[in-house]
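J.: Sequences are here, hints too, so could you generate the full structure?
2 protein chains.
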Amino acid sequence: MAKKNAFYAQSGGVTAVINASACGVIETARKHKDKIGKVYAGRNGIIGALTEDLIDTSKDSAKSIAALRHTPSGAFGSCRFKLKGLEENKAQYERLIEVFKAHNIGYFFYNGGGDSADTCYKVSQLSAKMGYPVQAIHVPKTVDNDLPITDCCPGFGSVAKYVAVSVREASFDVASMAKTSTKVFVVEVMGRHAGWIAAAGGLASDGKCNLPIVILFPEIPFNQKKFLAKVDAMVKKHGYCSVVVSEGVQGEDGKFLSDQGLRDAFGHAQLGGAAPVIANMVKEALGYKFHWAVADYLQRAARHIASKTDVEQAYALGKAAVDLALKGENAVMPAITRLSDQPYKWKIGVAPLSKVANVEKMMPRNFITADGFGITEKCRAYLAPLIKGEDYPPYKDGLPQYVQLRNVAVPKKLGEFKL
Amino acid sequence: MAKKNAFYAQSGGVTAVINASACGVIETARKHKDKIGKVYAGRNGIIGALTEDLIDTSKDSAKSIAALRHTPSGAFGSCRFKLKGLEENKAQYERLIEVFKAHNIGYFFYNGGGDSADTCYKVSQLSAKMGYPVQAIHVPKTVDNDLPITDCCPGFGSVAKYVAVSVREASFDVASMAKTSTKVFVVEVMGRHAGWIAAAGGLASDGKCNLPIVILFPEIPFNQKKFLAKVDAMVKKHGYCSVVVSEGVQGEDGKFLSDQGLRDAFGHAQLGGAAPVIANMVKEALGYKFHWAVADYLQRAARHIASKTDVEQAYALGKAAVDLALKGENAVMPAITRLSDQPYKWKIGVAPLSKVANVEKMMPRNFITADGFGITEKCRAYLAPLIKGEDYPPYKDGLPQYVQLRNVAVPKKLGEFKL
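Protein sequences, first through last, are from chains V and B.
The letter at position 223 of the first sequence is residue 223 when you use the working numbering, and the numbering goes up by one with no holes.
The letter at position 50 of the second sequence is residue 50 when you use the working numbering, and the numbering goes up by one with no holes.
It should be emphasised that the hints constitute simulated quantities derived from the structure, not laboratory data.
There could be a bad hint or two in this list.
To be verified - Computed from the model, here is a short list of chain B residues facing chain V with C-beta under 10 Å:
#1 18
#2 76
#3 104
#4 160
#5 187
#6 276
#7 299
#8 300
#9 305
#10 386
#11 404
Think of the CB as a built atom: it goes at the ideal place given N, C-alpha and C, for glycine as much as any other residue.
T.: Structure, rendered in structure tokens:
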């Protein structure tokens, strides 16, 4: 049997380190040319496979591929496109297999979150049934840190570091202005379902550097009265405070805080953030001067302040995916297993996709303080190693040098396919 | 005559490098103990002088003072407090002189923007008239980069670097998602009167790394039709675009874009930003999916990505202020004189405060492209050197180690003073 090519695709929201995983996959595959042919990448994720829009990664130099390790975003394009259930849309899965067959693809590396783990699992099952078995390996990625089994998810550590560093810096800023100016600073961070990213704001304050920080988690229903009392107490004690609010915070009525039915002068609905809502609330009730920020994409793209631990794990998981494929594994995901907190030690384990797909890992309640506004020592012990170490990209003339690949298309062999 | 003490105070919004100037002042003064006694700092800026709330900086170790160089914010506290005109409130100026006299202060180093240059100038004039001459030296600082004579202002280069790096990173992110998700990303940056900070967003794209970026400057009245046409053209050509909007952008009616009379469900006024307004406008008119961010304090506090050029200049200007004082200068400000763009060369010159006070330096029109949405090569040549070089703070366990000083109070000698 001739050696098979590999297919790699990025899925969902991109991160500061998903390209480091791509780098791990491609560099490792290139070291095993006896067993793996070319690595094709999906242009814009799985859509590239469905539309047979494949990228021949062999057209990019070793130097360019190496630069993926320090380049944020998804170098081949990603997409938000969830394949439906096998029954609902078998045609899409069959098309995938058809494309794989046409391009002699025997390895499917899918780099994403929970949804893509599910797709990956289904491809593995269906391809076997269709008599063209493909080894499907999922490479974990999500800033939300909500995949099961793996101790943490690549992408999260770097967002966590960005948030911890930014909250520390902004808190220093506010502390120096509080006498005559801003007393409450509110920053909104990502995490619609789980409060992992918001929790990282708590790392800004530690034994050596005590800062007043109030965190609003999506896991804790928002109680306006308790929140305002907490902020007021912090300002009275410290002169100021910083509030880290997750975009996913909901009121006791289950409505997102950011969904306040705002209207502009013309009556158009305005999509706001949670931060301005919180800031306004503080102003109205307590009269404190405020400022607010919404980090949005800046946080997940911030490769300039990536966590070294995160970069190393992202690369290692990409590498491990190929190693697992070479060992004949199928329908699995390489995962981080934590061996100890201090000193932080980890290794790569293996998780069956049947146990990963469609399971969300929420923050345990004992990671959040009793009053619901802070992180516990248990949470700190978990989070702290994930932001360890700096891994600066190279700079030229003051700017980080991120690679833009050539992304040369593979000639098509099949007819069109309507998405 | 016994040697005199020095007084140093921080004024207005703090920056990532104002403490580097403080470091320059204090370290240089400590080297001239034969001529300068102690350096007292104003707690919370000039308010500390008025209320005789002075900090004895000699109580902090050489190591702590050295750490100011890499610590953002204002280590002694800053304030927004503008002394009125001499005629309106002579009592405040007389009080300053009284406090200086009581603590044998002969040197006044005031670290701030245009307003504080004015105060500094008046203190110099009045102290001479009152028979207790104080040498008043202004140390420039402002992220707004709007002081005259000096080629640039400490604090600006680091914000510019933060904005350029962040816009590059977010643009990479959006580029990878644009096929099925966000097509327009809007980030709001500081600069209520001048577009210097917004202009720095243009540096994200250069000859080697071409990115579609639209900039909205406060100098150019906002024209919705032209703006939407520009964004639409960018998205049609590149698949996506990033918009950098200055907080100070005004419509042709002179109203701030951010001031849209937003009301929440209860009819309360909501203070919004310009970014959500712009994003909503794009969505309504063009239907593109958007995301938006507001950087706010994160940008000016971001010492982790400070410009090396900026840090060096901030320190050098602090040092120069003391050197000028030792030479007997008065009512002056050390300023950056640019000698050449490429290679970038600069030296420290001297500007008389009479020519600095209350003058704002706006972006020249020829720094903005004809269509009003980008920066010209002339602007690029000016900005590029200011973000050059990295100057990372030390890290421990993944977090930057910023110093919190002891800030020991000097015993009071005078009665109370009502502000």
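J.: Take the hints in turn and mark each one as holding or not.
T.: Now for the hints, and whether the structure bears them out:
A least Cβ separation of about 9 Å between residue 18/B and chain V falls short of the 10 Å threshold, and the interface hint therefore holds. Given the 10 Å rule on beta carbons, the hint for residue 76/B holds: about 8 Å separates it from the nearest Cβ of chain V. Annotation: residue 104/B was flagged as interfacial toward chain V, and the flag is violated, the nearest CB pair being 26 Å apart, outside 10 Å. Proximity of residue 160/B to chain V holds as hinted, the smallest CB-CB distance being about 9 Å (cut-off 10 Å).
Given hint, residue 187/B at the interface with chain V, holds; its Cβ is 7 Å from that chain's nearest Cβ, closer than 10 Å. Given the 10 Å rule on beta carbons, the hint for residue 276/B holds: about 6 Å separates it from the nearest Cβ of chain V. A cut of 10 Å between beta carbons decides the hint on residue 299/B: the least distance to chain V is about 9 Å, and the hint holds. Residue-level restraint check for residue 300/B holds (minimum Cβ-Cβ distance to chain V is 7 Å; threshold 10 Å).
At a threshold of 10 Å, the smallest CB-CB gap from residue 305/B to chain V is about 6 Å, leaving the interface hint in force. Restraint check, residue 386/B versus chain V: the minimum CB separation of about 8 Å is within 10 Å; hint holds. The closest approach between the C-beta of residue 404/B and any C-beta of chain V is roughly 7 Å, which is under the 10 Å cut-off, so the hint is satisfied.
In summary, the one numbered hint that this structure violates is 3.
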